[in-house]
Amino acid sequence: MTLMKHLAAATATLALSAGMVAADPALIFDLGGKFDKSFNEAAYEGAQRWATETGGTYKELEMQSEAQREQALRRLAEAGSNPIVMTGFAFGDTLAQVAPDFPDTKFAIIDMVVDQPNVKSVVFTEEQGSYLVGMMAAMASKTGTVGFVGGMDIPLIRKFACGYAQGVKAVNPDATVIANMTGTTPAAWNDPVKGGELAKAQKAQGADVIYAAAGGTGIGVLQAAADEGILSIGVDSNQNYLHPGKVLTSMLKRVDNAVYDAFKAGTALEAGISVMDLAAGGVGYAMDENNAALVSDAMKGQIDKAAKLIGNGTLRVHDYMSDESCPALSF
Amino acid sequence: MPKWADAVLVPLISLLIAFVISGLVILAIGEDPVAAMKLMVTGALGSTYGWGYTLYYATNFIFTGLAVSIAFQAGLFNIGGEGQASLGGLGVALACLYIPWPHWSLALAGALIAAGVFGAAWAAIPAYLQAKRGSHVVITTIMFNFIASALLVYLLVNVLRPAGSMDSASARFGEALQLPSLSDILALVGIPFNNRNPANISLIIGLFACFGVWVMMWRTRLGYQLRAFGKSEKASVYAGINPVRITMYAMLISGGLSGMMAVNTVMGEAQRLILNSVEGAGFIGIAVALMGRSHPFGVLLAALLFGFLYQGGAELALWTKIPRELIVVIQALVILFTGALDNMVRRPVEAVFIMARKGKA
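Heads up: the sequence lines are chains D and R, in that order.
The numbering of the first sequence is the working numbering, which starts it at 37 and goes up by one.
The numbering of the second sequence is the working numbering, which starts it at 796 and goes up by one.
Looking at chain R on its own, in the form it has when it is part of the complex:
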């Protein structure tokens, strides 16, 4: 099968099947699937306001998608993006609340570092247990998600909540720490963009992260070692690659990237730490990485798709009687077909290509 079919055709067909089945489900509950689809498209892509939200969500998925893909390349399945991003959010909040930054740019750098360190630290324990003790990273990272959410609840309710507030959330960050929005940045080059959406400079950091991950994976020795380790642990050990070191590095980078997602949500949008600020982006990251074939460019495209689904879904919930549970169903179908049932589409497509080649020969 040619490369373009693997990278583009298979995901597209999977997506199409997912949309068709979603349409049937919408039809079954007595709503118009065409109108619903139209609403999703206009809501997410029909205005710069919609684009702003789509890009905002996509930024989250870029980070978590990259995080999962790096671990995946090294043969590790990091399901802990959710917890690592929550801890990253804690890092951002602490950095923004307790350090008097003179300027947002310094605060952004500081918050990025704090988020990365907190996320990486949260991934370090499962990584160590995997590398040294052989405890499966899937189990431990998932358990760490629960620990992270319990920890955040405890801290937000008992420590970070300002006195007298009933809401389990931290205080707001200073006005000076407001990150420049996407509309501010685009205004510099003369492109008008809606300013009532949360898309912010984190998107650009996300794009740099994509490029950085590409360089690291395909242009550095560490990236080569990671990929070799993922392909075959035994062969890489024979080649002199230290498995403990690679496992730790892969998970630390992965956790750090997950954590950095929080700069977008906590500092870019909410300007305070709230419960549940990750909103499932850690898990969506898995689907994004699978769909993007663990390649930074693929992750970018898949993140945009899921950003569209998130924003379109929110619009759907807002303007139709389609219940909110159904939007989750649509998202789940996309994940199911592009991730879990990948082979269902891949095999027939492969067969078609093989037949076509035989026919030529």
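Here chain D stands alone, though its shape is the one from the complex:
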């Protein structure tokens, strides 16, 4: 019995000391996986940038299933990680439950607003970035038909589609926008095969530029578009390099900056809502050597002009989530 007691005491101190050491920030990736080349990977890049700049270390965790969200969140908070950053709207409900239990821990959630005194909510104006790449798609399209492949069918992704369609219609009011969603569950974030099928189906309907806003599923969309000899548009991270000369551009959503800023702020992270819009550099489009030949200066000039107008508020892009409707596209 005394041996058992010793063991128990030893393990208890071990667990305690492990908790004391880990005052590092932590990052939780949502379903779809860390290396989805898109949304989660952007978060990873931001964390890595912080780590190389400061020499700090951080904890990271990938979700295995929906049911583990709460345990993962609690465990990291319990172990003393601070701040804890999580990617994805799906954490919203769980975080709203967990955050009050750990008043001294700071949390940051991306893509969702959670109203708690110790939570920073980071949301992006995806409709603005999508508007710009929509303009570019319409200019690059020869058939007058462009495609959109979304991941999970949620208002957030419809917001991407809606901004995109508005951009397309701004350049070519007669253009056709075909929008498809991969699925209705989180599995839709990581289904490149189905993404590829959707891209091929859209090409068969005449689309020659396809915008993928689907996390890991987008890899399949980009691949299929490259195989079919049409153009694609990446999302979240700069995905131009995946198929050089075949990816028109990427709608950048600076999740990396959001994670980097949160890590940098550390325990002094300020709660509240932070809107990362075009003016703040939260969204944009990617230009590099891989797509330089695809985008002419005239195209770029027109898009930059629109970006400026959006930035100073003259041009308003409709946000699907404000009223759950879209003037340029019906779902």
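Derived from the structure by calculation, the hints contain no laboratory data.
Fair warning: this is a prediction, and the values are worked out from it, not measured in the lab.
Errors might be hidden in some of the hints.
List of simulated lysine-lysine pairs, DSS-like, C-alpha gap at most 27 Å [to be verified]:
1) D:K178 <-> D:K230
2) D:K95 <-> R:K1116
3) R:K833 <-> R:K1116
4) D:K282 <-> D:K178
5) D:K282 <-> D:K336
6) D:K230 <-> D:K282
7) D:K300 <-> D:K70
8) D:K70 <-> R:K1116
9) D:K282 <-> D:K236
10) D:K300 <-> R:K1116
11) R:K833 <-> D:K95
12) D:K341 <-> D:K300
Here are a few chain R residues that face chain D, going by a calculated C-beta distance under 10 Å [as the list claims (entries may be wrong)]:
13) Y949
14) S963
15) R991
16) T1060
17) A1109
Facing chain R, from chain D, some residues (calculated, C-beta under 8 Å) [claimed, not checked]:
18) R110
19) R111
20) E114
21) A126
22) D137
23) L192
24) L351
Glycine included, each C-beta is placed from N, C-alpha and C at the ideal position.
Add chain R to chain D, keeping to what the hints say.
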């Protein structure tokens, strides 16, 4: 071979082999197996927090393990625990969302009944097809798992999701329906227990279920008939046992127990119905039943072991660079050796005992 060797020694040796091979795999990817093992043990058993999670997972496996073992005793292989538990979760959610319960205890009783009925109903169709049409229950229950998951996706996305929510999950249940946690219960008898874990009163229901199943299987006429039917269908028919009735009963009880698992996950932990709330417990139940030799006490022990593996695995994923896939590998190895490769260990052990007896004689 003496009984204790069959019940204890063989599973232990199987477990040991599984751990050794897991250790080699961990070594092969350049991590320290001893440290990993230590982490699993401290993470799952080193604190009351860890124990809470271990017991929480074990509760799931008790229910699904009992479910599989009852069907197994009757010669039926119910692989549909996953689907039956999903439907059970639906029953719990409907009972908690749409009935205004005055007190959690009534809600618990209501949710248990709803979960049991939904789970049993989901098992009833394969059972009927097996009993009347001879469609093999293994095939039909597995197919019903897929139907259940598709049904849950449809309902969660289109029906139960609250307006304006993006998450495919139902609304939260009322605050009043929060089940008492294990720490609340232990506090009554003065034992301090971490209160930030999901272990709840369902564990006690699970223990009662173990006892109830034991009574039913070994102390009632129905249990006798079930076991006789499982041993030899022809002999039992000759003895006047109705095969259709026994098949239906076995599967209904099995499905009902699988469904009741959902009280633990849906009502005890999440307090709302989410996708994938079963987390593979239906399949782990098969391993638990095999390892527990289809005896309620064995199921209890095996459920604790798998609870430890689940919680230890979660800790491992959290604190080491060991990728999450490898934790599944470790769990799979344990299942492989204790379930599928049982004879590989049993034969040599048997041979040793026979030799020992010959030596004495």
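Hint check:
Simply put, D:K178 and D:K230 have alpha-carbon atoms about 25 Å apart, close enough for the 27 Å limit, and the pair holds. Taking the CA atoms of D:K95 and R:K1116, the gap is about 10 Å. The hint holds against a cut of 27 Å. Annotation: proposed proximity of R:K833 to R:K1116 holds, straight-line Cα distance about 15 Å (limit 27 Å). With a C-alpha separation of about 15 Å, the suggested pairing of D:K282 with D:K178 holds against the 27 Å cut-off.
Distance check on the hinted pair: D:K282 and D:K336 sit about 17 Å apart at the alpha-carbon level, within 27 Å; holds. With a C-alpha separation of about 20 Å, the suggested pair D:K230 and D:K282 falls inside the 27 Å cut-off, and the hint holds. Restraint check: the Cα-Cα separation between D:K300 and D:K70 comes to about 21 Å, which is no more than 27 Å; the hinted pair holds. Between D:K70 and R:K1116, the direct Cα distance comes to roughly 13 Å. Compliance with the 27 Å bound is thereby established for this hinted pair.
Between D:K282 and D:K236 the alpha-carbon distance is near 15 Å, which keeps this suggested pair within the 27 Å criterion. Between D:K300 and R:K1116 the CA atoms are separated by roughly 23 Å; this keeps the pair inside 27 Å, and the hint holds. A C-alpha spacing of about 19 Å is found between R:K833 and D:K95, which places the hinted pair at or below 27 Å, so the restraint holds. Taken as a hint, the D:K341 and D:K300 pair is broken in the structure, with Cα atoms around 33 Å apart against an allowance of 27 Å.
With 10 Å as the threshold, the beta carbon of R:Y949 comes within range of chain D, its nearest partner Cβ sitting at about 8 Å, so the hint holds. At its closest, the beta carbon of R:S963 sits 6 Å from a beta carbon of chain D; the interface hint therefore holds under the 10 Å criterion. Proximity of R:R991 to chain D holds as hinted, the smallest CB-CB distance being about 6 Å (cut-off 10 Å). Evaluation of the R:T1060 hint against chain D yields a held restraint, the C-beta minimum of about 7 Å falling below 10 Å.
The criterion of a C-beta within 10 Å of any C-beta in chain D is met by R:A1109, whose closest approach is roughly 7 Å, and the hint holds. The interface hint given for D:R110 holds, since its Cβ lies 6 Å from the closest Cβ of chain R, which is under the 8 Å cut-off. With a cut of 8 Å, the hint placing D:R111 at the interface with chain R holds, because the nearest CB-to-CB distance is about 6 Å. Because the smallest distance between the Cβ of D:E114 and any Cβ of chain R comes to about 7 Å, under 8 Å, the interface hint for this residue holds.
Residue-level restraint check for D:A126 holds (minimum Cβ-Cβ distance to chain R is 5 Å; threshold 8 Å). Checking D:D137 against chain R by beta carbon gives a least distance of about 7 Å; that is within 8 Å, so the hint holds. A distance limit of 8 Å between C-beta atoms decides the matter here; for D:L192 the minimum to chain R is near 6 Å, and the interface restraint holds. Restraint check, D:L351 versus chain R: the minimum CB separation of about 27 Å is more than 8 Å; hint violated.
Violation of the numbered hints given earlier is confined to hints 12, 24; the remaining hints are satisfied by the structure.
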